[in-house]
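In case you want the letters, here they are:
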Amino acid sequence: MWTLARKLLLHDRLRFAVAIAGVSVSVMLVLVQVGLYFGFMETASSIIDASTADIWVDKKGNESFENATTFDERAFYKVVSVPGVAHAEPVLMTWAQFKLADGGDLGVQVVGIDTTPRRHSLLAPWNVIAGDVRRLAGPGAIMFDTSDYPKLKVDRVGHVTEMAGVRTEVVALTSGIRSFTTSPVFFADLRTARSFLPQLTEPMTHVLVEVEPGVAVADVQARINALPYLTAYTTAQLSTRVRTYWSKRTGVGAGFFTTAVLGIIVGFVVVGQILYSGTLQYIREYGTLKAMGAKNSAVVQVILSQAMISAGLGFAVGAPLAMAMRASLKGANLTVALTPELYTVTAAITAVMCALAALLSIVKVLRLDPASVFKN
Amino acid sequence: MIDALAVNETCPSPAARPTTLARLVGVGKTYGSGENAVAALSNATLDIHAGEVTLIEGPSGSGKTTLISILGLLLTPTAGEVWLEGKNVAGLGERTLPGLRARNFGFVFQGFNLFPALSALENVAIAIRMKKMRTNHPEREARRLLEQVGLESRLHYLPADLSGGQKQRVAIARALGGNPPILIGDEPTAALDTKTALSVMELLRALASTEGRAVVVVTHDPRLERFADRVVRVEDGHIQAITGPSPEAVRIPS
Chain A
82 MWTLARKLLL HDRLRFAVAI AGVSVSVMLV LVQVGLYFGF METASSIIDA
132 STADIWVDKK GNESFENATT FDERAFYKVV SVPGVAHAEP VLMTWAQFKL
182 ADGGDLGVQV VGIDTTPRRH SLLAPWNVIA GDVRRLAGPG AIMFDTSDYP
232 KLKVDRVGHV TEMAGVRTEV VALTSGIRSF TTSPVFFADL RTARSFLPQL
282 TEPMTHVLVE VEPGVAVADV QARINALPYL TAYTTAQLST RVRTYWSKRT
332 GVGAGFFTTA VLGIIVGFVV VGQILYSGTL QYIREYGTLK AMGAKNSAVV
382 QVILSQAMIS AGLGFAVGAP LAMAMRASLK GANLTVALTP ELYTVTAAIT
432 AVMCALAALL SIVKVLRLDP ASVFKN
Chain B
503 MIDALAVNET CPSPAARPTT LARLVGVGKT YGSGENAVAA LSNATLDIHA
553 GEVTLIEGPS GSGKTTLISI LGLLLTPTAG EVWLEGKNVA GLGERTLPGL
603 RARNFGFVFQ GFNLFPALSA LENVAIAIRM KKMRTNHPER EARRLLEQVG
653 LESRLHYLPA DLSGGQKQRV AIARALGGNP PILIGDEPTA ALDTKTALSV
703 MELLRALAST EGRAVVVVTH DPRLERFADR VVRVEDGHIQ AITGPSPEAV
753 RIPS
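As they're listed, the protein sequences go chains A and B. If you're matching positions, the first sequence starts at 82 in the numbering used here and goes up one per residue. If you're matching positions, the second sequence starts at 503 in the numbering used here and goes up one per residue.
Please note that the accuracy of each hint is not assured.
[Unchecked claim] In silico DMTMM-like cross-links for lysine to aspartate or glutamate, where the CA-CA straight-line distance does not exceed 20 Å:
(1) A/Lys376 x B/Glu596
(2) B/Lys697 x B/Asp723
(3) A/Lys88 x B/Glu596
(4) A/Lys140 x A/Glu291
(5) A/Lys234 x A/Asp183
(6) A/Lys411 x A/Glu144
(7) A/Lys159 x A/Asp186
(8) A/Lys88 x B/Asp723
(9) A/Lys329 x A/Glu144
(10) A/Lys232 x A/Glu250
(11) A/Lys232 x A/Glu243
(12) A/Lys445 x B/Glu596
Worth flagging that the hints you see were computed from the coordinates, not collected in a lab.
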C-alpha cells in the first residue's frame, strides 16, 4: 500500500510539492508560534524557575511578579519562625533608571537578592559568562545580561555608571536571562537594590523558603498562608501563576495559538484538496480494484498512506524550517522554545491533520459504487 | 433448485457436459418505483459455463451492462436469483460480496483503468495484493501472469509507454490475479484497432479453452462472434436469443 500511495503521490510531482509545501508551512507555523509562546512563558517565569526555593511568599492580593507589593521585615521573621522552615531569603523586585553613556536613562528591572555567603542561595544569577558573581555583595555592584548590550551600550565587566544617582559597577555578566517585560534584568544585592529607591520603607517583595528535610511542603505552605497578609506558593505554582498572568494580561497566548491554528487550517485545506483531487483522478482505478474484490479497507489504506507520507515529509521539511526560524529570531532576542515534547505533539497534530484532511477522499471511495466502472 | 455449482473445476472435455460456474435465474433490475419505475432488465436467465466464451450483444441501453453488473455481483437485482459457489447470492450484503468477487471474477474494461503511475508489473501486483491481502509473493505471481499474456519484455513499462493492445493485456493479467474462474469484459476491444482487438480476443479465447475459464464479453462488434461459444442477444431489457458458435468459430485445443 505504501508503494502505491507513494507512486500515486509522486506521479504528479508539482501537486505533491504543493502538498508538502502546505504541510511544511503548517508545521513551521505551529512549531514557531507555539515555540515563541513557550519561549515567552519561559522568560516570564525564568527567575522563579531558576530558584531552588520550595516556597515563594508574596503579600496577599499581589498580582504581578515584577511589580510586586512590598512588605516589611516583620513578615519575613514571621515566615522564618513558621515550623518546618529551614531557611528563608528575602527578594526585592524593583525598577531603576540606568544612566546610559550618552546621558540618557533606561528603565531596568532589578532583582535584589540576598548575597550573604552560605552553602547555597535560594536565588542566584545563573548562566554567568564573565566576572565574579561573589562581588555582587559589594556596594553598588550590579550584573546584567549580554542580550541587553544593544540597549545598555555596555559590554564589559568593570564598567562604572550611575543608577538612580547611585554609583554602580558591572561585576559580572550573564547570558540568556531576559524578562517578559523586555526591560533589561539586573541582579544586585538587596542593599544595593534598595539604594535605588531610598524612599522605599518596606525592603522586600518576596520571601523564598526552603523547607526542612522530611517536612511536607504543603504543610509549611498552609502554615504560612495562615499568617495575615501573606500568600505562599510552591515554586511550580508561582511559575504557572506568573505565566498565566502574562498570557491572559497580554493576550499573547491567544495571538500565538490563533496563528498556529490558522497554520493547521492551511495545512488541512491544502492536503485535503490535494488528496481529494488525486482520489478523483484515480477514481476509476479505485473502482476497478473494488469491483475485483478489493475491500474498502484496502483502498482506504492507500489514501491514508498518502496522507501519512504527506505528513511525514511535511514534518521533515517543516521542522528544520522552524529550527532555522529559531536561529534567525535569536538575533532579535526572541526565544523559540522547541522542545522534544513540542516536536512530538506537533508531529502527532500533523498526522491527525493529514488523516482528517483525507476524510473527504475516504468518504468518496467508501461511497464509490464498483458498478460505476462500467459507466464510461 | 440448483445444488451443485462448482468453482475452479478443470475445463471439461469437449464431450463432457459443461460445468456451470454461475447462473442467473429470472433476474431483473428495476430502477425507481410506481409510475417512475424503469425496468433495465427483466426475467434474464443465463448459465455461465467453464471453458466457454459468451458474447453479450445488443444496442446501447438494452441492458447488457446491467446484466454483467448483476453477474459480476456489482449490482443487486430487484428480482431473481444469482447462483454462485452453490448458493443464491442475490441478496448478500456488501460485507460478503468483495470476497465473492475476488474469488470468482476478473474484470477487463474498455478504458483499461490502469494506474498510470505504476508499471505493468505493479499494476497487476497491487490488484493481487488487494484481492488477497495475505499473498506472500504478489510480484512473482504478477510476473507469471504478464508472461502468460506475452508481456514479459514490458514488465516495468508504465501504461503511457505501452500500446493499447499491451495495456489491455496488462488489464487481462490483472483480471487473472487471484485466479478467478470467470472473466468479465466490458467492451474490452472497443478502444483497439482491428488487428489488436482480434489478438486480445484470441487471448481471451485461449484463456477459456486452455484454462477452463468462463469469459463473458459485452461487445458491439459482430466480428468477435467467431471467438464465441454462445452469443446472447439483449434488447429492451430482455434476453432475446442465445445462439451457438458461428460457422467460422475459432477453436483452440484445450
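Now the hints, each set against the structure:
With a C-alpha separation of about 10 Å, the suggested pairing of A/Lys376 with B/Glu596 holds against the 20 Å cut-off. With a C-alpha separation of about 13 Å, the suggested pair B/Lys697 and B/Asp723 falls inside the 20 Å cut-off, and the hint holds. Only pairs whose Cα atoms come within 20 Å are accepted, and A/Lys88 paired with B/Glu596 is rejected, the gap being roughly 29 Å. The hinted pair formed by A/Lys140 and A/Glu291 meets the criterion: a straight-line CA distance of about 18 Å does not exceed 20 Å.
The suggested pairing of A/Lys234 with A/Asp183 holds, with an alpha-carbon distance near 9 Å, which does not exceed 20 Å. Annotation: proposed proximity of A/Lys411 to A/Glu144 is violated, straight-line Cα distance about 30 Å (limit 20 Å). With a C-alpha separation of about 38 Å, the suggested pair A/Lys159 and A/Asp186 falls outside the 20 Å cut-off, and the hint is violated. This hinted pair does not check out: A/Lys88 and B/Asp723 have alpha carbons roughly 37 Å apart, beyond 20 Å.
Restraint check: the Cα-Cα separation between A/Lys329 and A/Glu144 comes to about 12 Å, which is no more than 20 Å; the hinted pair holds. The hinted pair formed by A/Lys232 and A/Glu250 meets the criterion: a straight-line CA distance of about 17 Å does not exceed 20 Å. Between A/Lys232 and A/Glu243, the direct Cα distance comes to roughly 15 Å. Compliance with the 20 Å bound is thereby established for this hinted pair. Using a Cα cut-off of 20 Å, the hinted pair A/Lys445 and B/Glu596 holds, with the two alpha carbons roughly 16 Å apart.
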